[in-house]
Amino acid sequence: MSRMKSKNYNYYRWIGLIVLLVVLGNVVLSSYYLKQFEDSLIQTIQHQGVLLSQTLETALGPFLNRYDIKGLNERINHLAEARNQDIEINIVRYEDHRSIIIASNIPENIEPASNDEHLKLKLAILEQKPIINIEADHGLEIEDPNDTERPIQPGDFDFHALKFVDIMAPIGGHGDYKFGINIKLSLDPLEAKKTEMINRNIIAMSIEIIIILIGLSVLTLLLIRERSNVFLSQSSKLQAELKALQAQVNPHFLFNALNTLSSHIKDQPDLAEQLTLSLSDLYRKILSTTNNGFWVIDEEISLITSYLNIESMRLQDRLIYSIHVDDKAKKFKIPCLIIFPLVENAVKHGINRFIKGGRITLDIRLKDELMISVSDQSMVDNNFPAAHPVPGEKKGVENIKRRLSLVYGNRAALFFQSTQSGAQSKIQISDILGQKSNSW
Amino acid sequence: MKIFRTILVDDEPPARKRLRALLTPFNEIELIREADNPFTCIDMVLTLKPDLLFLDIQMPGLNGFEMIRQIPSKYLPMIIFVTAYDQYALKAFESLSVDYLLKPIRSGDLEKAISKLNLLEHRFQYPESELPKGQMSQIEPGFLNRFVLKYGRKWEVVEEDEVIYFFAEEKYCYLRANGKDSVINFTLQELEEKLDPASFVRGHRSFILSRRQVRRLKSIGSGRLEIEMSDGTIVKSSRSYLQIIKNALA
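So the sequences go chain by chain: W and R. Under this note's numbering, the letters of the first sequence match residues 1 to 440, in that order. Under this note's numbering, the letters of the second sequence match residues 1 to 250, in that order.
Fair warning: there could be bad hints in the mix.
Said to hold, decoys possible - Heads up, simulated DSSO-like pairs for lysine-lysine below, C-alpha to C-alpha not over 27 Å straight-line:
#1 W:K266 with R:K112
#2 W:K266 with R:K17
#3 R:K150 with W:K356
#4 R:K180 with R:K154
#5 R:K17 with W:K356
#6 R:K49 with R:K74
#7 W:K348 with R:K17
Unchecked claim - Chain W residues, not near chain R, derived (Cβ > 10 Å throughout):
#8 I18
#9 L213
#10 E226
#11 S236
#12 F294
#13 W295
#14 T305
#15 T419
#16 A423
Simulated from the structure, these hints should not be mistaken for lab results. Just so you know, even glycine gets a beta-carbon here, dropped at the ideal spot from N, CA and C.
Put together the whole structure using the sequences plus the hints.
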């Protein structure tokens, strides 16, 4: 389990890193787009400004020079048509450079002064600055002989009344009255441009978000798949190990048991029946282990009991066995067939080799940890030497070790020790609280 | 009809019971004894000299193959192996046993084995097949590398690498190991055939030495050698074995 946890932890770390990268990338991209948008807006505005300045010079220049106010409307209309946008030019009258009276249409009755030739129009404003910022920046520079040398500043006017004013251009007037033109350039194309830019940005952002979402979900899916793969591979490993073990059930055992059975059938049918039942119990149990690889200790004990029962019918007084299981350990879940091979081994090494046989003791205790002990104690007969220890078929033991480590990591251990007249194998599973809540 | 005096050996009482029951109908089989372990069985074979042995392969102490290696050729009866699982079948086939039976034994198989037995016995009656039954001592191709010794009622098994040497004295043959001499049932001649030549060498007319136990060689003139063994015993070889020993120990 701990191994799996740390693996997941790694995955989370990677996912975190990737998300961070995506967000960072997004921020960079967004600011790039924003910058582009700004640049493009500024460009547009500049472009518009240049256009306007040209327009004003070409369209209004002659008029301003000749004060041909009558032709103004026409020209402006013409201009607006050519530019395909609304240009509204109003003639405004202002007094003392302080207040402005707006004449909403070009009045027919205005007669421009013929001696205002000194008035020159400069459209300095149009050079660099966005129109929107006109209020904060330059006004128009006007050389007015009647007034001071001071140019008219935007602050000079009541701009509340000039809400939509884009450019104020004083064009002169009689005596106290001065006239200017108020050219109102419709911002629609700009707005459109802006909207378009924003839309583009929004689309870009949405695409990005979608990409991020897709990326995240793909990652999540991958993670989930990975996790389930880890789980699957682990559980399938466990299954494979279990299968291997099932296949390893000693064929000698079966044939010996059948032989015992055949010897009892005629004259001891009761024994034969008992043996048949034990044998079928045993194999049914072994085959039922495939479900999920786990069962409660009670089930393993019943398997072991069947086994020892069968073996003791064969070996008769050569095999004595005792089993003790703590009551609270009986319902404890363990991987299937984790004790049985140890009992098989004990019979093989501790009983079969000895002419007088011996005793098998299975002891399972549950306190702070689960302790399973299988020991054999041979009846040493001084008259007969024992067979050599069978060179270890380690497969069974290795199998148990592998499965223990798959399930419990380093919380479980299997160890062996020799005793005075036999051997003992022990499985120790610690941290059992964690295991109890383990669903598989 | 030839009556086969038969011994059966199996450590499992139910298995003996089963075989005993199956053998009852066969009149040519006279079951003289049963053994529940290979050591007792060796004793029975040597003393009762049966014609036939039903031999379980998996037994405590010695397996069936190891057991028959302990029996000198002239005492070897005909053998029918009995095994629960045919992992040994091939080995049993390789041997010159009469047959092998799988547990649980079918009476049909037993019948076949016994008729085969009759056939073989019949063949042995021809004078030209001077083949003693003992020829079946090649029943198992492995070397004799464990030695079963009996002291009164007590049995011991001595491993090949514990043996210092074998020697013949008067009409008995002895094995020296673990500081004592024990009678064994083989002649030096038989031993020479059965022992692994990589481990043992005939050093004298009446000695077979374990190569790994030779500590020192000393020439004592006129082509004779004094051989000091690891337990301090000194064996004097005769001229005729000089070259053999020198080659063997080189």
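Hint check:
Straight-line distance between C-alpha atoms of W:K266 and R:K112 comes to about 23 Å, which keeps the hinted pair within the 27 Å bound. Between W:K266 and R:K17 the alpha-carbon distance is near 11 Å, which keeps this suggested pair within the 27 Å criterion. Note on R:K150 and W:K356: the hinted pairing holds, with a Cα-Cα distance of about 18 Å set against a maximum of 27 Å. Note on R:K180 and R:K154: the hinted pairing holds, with a Cα-Cα distance of about 15 Å set against a maximum of 27 Å.
Distance hint between R:K17 and W:K356 is fulfilled; the C-alpha atoms sit about 19 Å from each other, no more than 27 Å. Taking the CA atoms of R:K49 and R:K74, the gap is about 9 Å. The hint holds against a cut of 27 Å. With a CA separation close to 22 Å, the supplied pair W:K348 and R:K17 stays within the 27 Å bound. No Cβ of chain R approaches the Cβ of W:I18 within 10 Å, the least distance being about 57 Å, so the stated non-interface status holds.
No beta-carbon of chain R comes within 10 Å of the beta-carbon of W:L213; the shortest separation is about 63 Å. Against the 10 Å criterion, W:E226 stays outside the reach of chain R, whose nearest CB is about 44 Å from its own CB. W:S236, annotated as away from the interface, keeps every beta carbon of chain R farther than 10 Å; the closest lies near 30 Å. No beta-carbon of chain R comes within 10 Å of the beta-carbon of W:F294; the shortest separation is about 31 Å.
Chain R leaves W:W295 outside its interface by the beta-carbon criterion, the shortest separation being 28 Å against a cut-off of 10 Å. At roughly 19 Å from the closest C-beta of chain R, the C-beta of W:T305 stays outside 10 Å, upholding its exclusion from the interface. With a least CB separation of 19 Å from chain R, W:T419 remains clear of the 10 Å interface cut-off, as annotated. A cut-off of 10 Å between C-beta atoms confirms that W:A423 is not in contact with chain R; the least separation is 16 Å.
Every hint from the earlier list agrees with this structure, and none is contradicted.
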